[in-house]
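Since the structure of chain A is already known, use the hints to place chain B on it.
Number of protein chains: 2
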Amino acid sequence: MNIEQDFLEGKKSALAKLQKAQKEKKVDEGVLPILFIINESDDYYTTSSCYGRIVLLEIPNIGDKKAAKFLGKWHRIIDVDELFVAARKAKRGLIWLLSQSPIIHVTTKTNELADRLLKTAIACGFKNSGIKSLGNKIVVEICSTERLDAPVGKDGVLFCNKQHLELLTDISNEILKKSTQKLKKFEKNLGKVLSTHKTTNN
Amino acid sequence: MNIEQDFLEGKKSALAKLQKAQKEKKVDEGVLPILFIINESDDYYTTSSCYGRIVLLEIPNIGDKKAAKFLGKWHRIIDVDELFVAARKAKRGLIWLLSQSPIIHVTTKTNELADRLLKTAIACGFKNSGIKSLGNKIVVEICSTERLDAPVGKDGVLFCNKQHLELLTDISNEILKKSTQKLKKFEKNLGKVLSTHKTTNN
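The listed protein sequences correspond, in order, to chains A and B. Numbers in the numbering used here are just positions in the first sequence, counted from 1, shifted up by 12. Numbers in the numbering used here are just positions in the second sequence, counted from 1, shifted up by 12.
It is possible that part of the hints are untrue.
If several chains are the same, the list does not tell them apart, and a pair holds so long as it fits within one copy or across any two.
Unchecked claim - Restricting the straight-line Cα-Cα distance to at most 27 Å, the calculated cross-link-like pairs of lysine-lysine (DSS-like) are:
| hint | residue 1 | residue 2 |
| --- | --- | --- |
| 1 | 78 | 103 |
| 2 | 197 | 77 |
| 3 | 32 | 149 |
| 4 | 189 | 38 |
| 5 | 190 | 139 |
| 6 | 139 | 85 |
Hints are computed from structural coordinates only; laboratory data are not their basis.
Next comes chain A alone, as it looks inside the complex:
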């Protein structure tokens, strides 16, 4: 197969997976409009995405991410009491609170298209974006720098008092709100960039 065929086959397979995931409610709804815009273009397709989330995680041994267990996972702003409730499930190992900004992986047809998408993402505030692979499969990762990665307890016990956990909740929510603003800006700009590009090529 040549690169063009590889791209078309890859897109077909990625879109089928996305459709299946959508039916099973496994795709974050907030990110869907952006996925649609990208996948409508002949030059790009998405392979994975997350709208951004707040996570309470239990990691039995340092660095052993495979054994990590979700105590709580929210794709929306949360209340501090939800963290206390989720933390009750903790048993052994470190408890981390994470607030993660959106992440989208996009395959592109050419290096130039990858660079164009990357520059648009960075201009919309997704400053941690980068091209993860060139060559046969060109992949752009779109993501932001804002994040919170805080160890908050160990072996079933939260080390934070309420005041501290409230502060962590506020900041986690703030990160999620900022992410939503950036996604909206990206959606708007992406529409312009991709449609301009289509017109130019027609």
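For chain B alone, kept in the frame of chain A given last:
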């Protein structure tokens, strides 16, 4: 100027800046061997670097990074008491503890060389690496995923008790140790990749 000339001019200027920074002791010593290996190759040059660090930061207003103030900054493992001492300088705004893994920016001559460097970095554990720009100036960012970004207090007051701050110190140190291991692996592999490349081209 053509791209080749741009690259040579850019390299000359970057090396002069590096030399000046070295004289002023502004370059992290631990990362120097890697910078030397990269800059010895005709195909690459470094433009910025950090060995990895633990930072206690004060941010007067959320998101206002420009106004952020270092309460403490260490390119080595630390003791919990150093955090307590540094925190005494805090006055107004959020106090964050950060443990950051190494970061190196490298300019390359061609897209293929960028992809080769990126794949080597990822194989050595720098999984957050990516190409930040293609076109006239090709820039690879080498960095890792391990990090700690934890709000630990507000308006001059630490919200963590000693047990919690000890846990945060242990994990921050762990991240720094992991980074050192990865840098060593990268140094070893980089030597092989770049020398192989030089031989092939001669």
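Tested hints:
1. 78 with 103: within (17 Å within a copy, 40 Å between copies)
2. 197 with 77: The answer is between: 21 Å across copies meets 27 Å, while 33 Å in one copy does not.
3. 32 with 149: Intra 23 Å, inter 40 Å, cutoff 27 Å: intra-copy only.
4. 189 with 38: within (22 Å within a copy, 37 Å between copies)
5. 190 with 139: both (13 Å within a copy, 25 Å between copies)
6. 139 with 85: So residue 139 and residue 85 pass the 27 Å test inside a copy (24 Å) and across (24 Å) alike.
The structure fails none of the hints (numbered hints given earlier).
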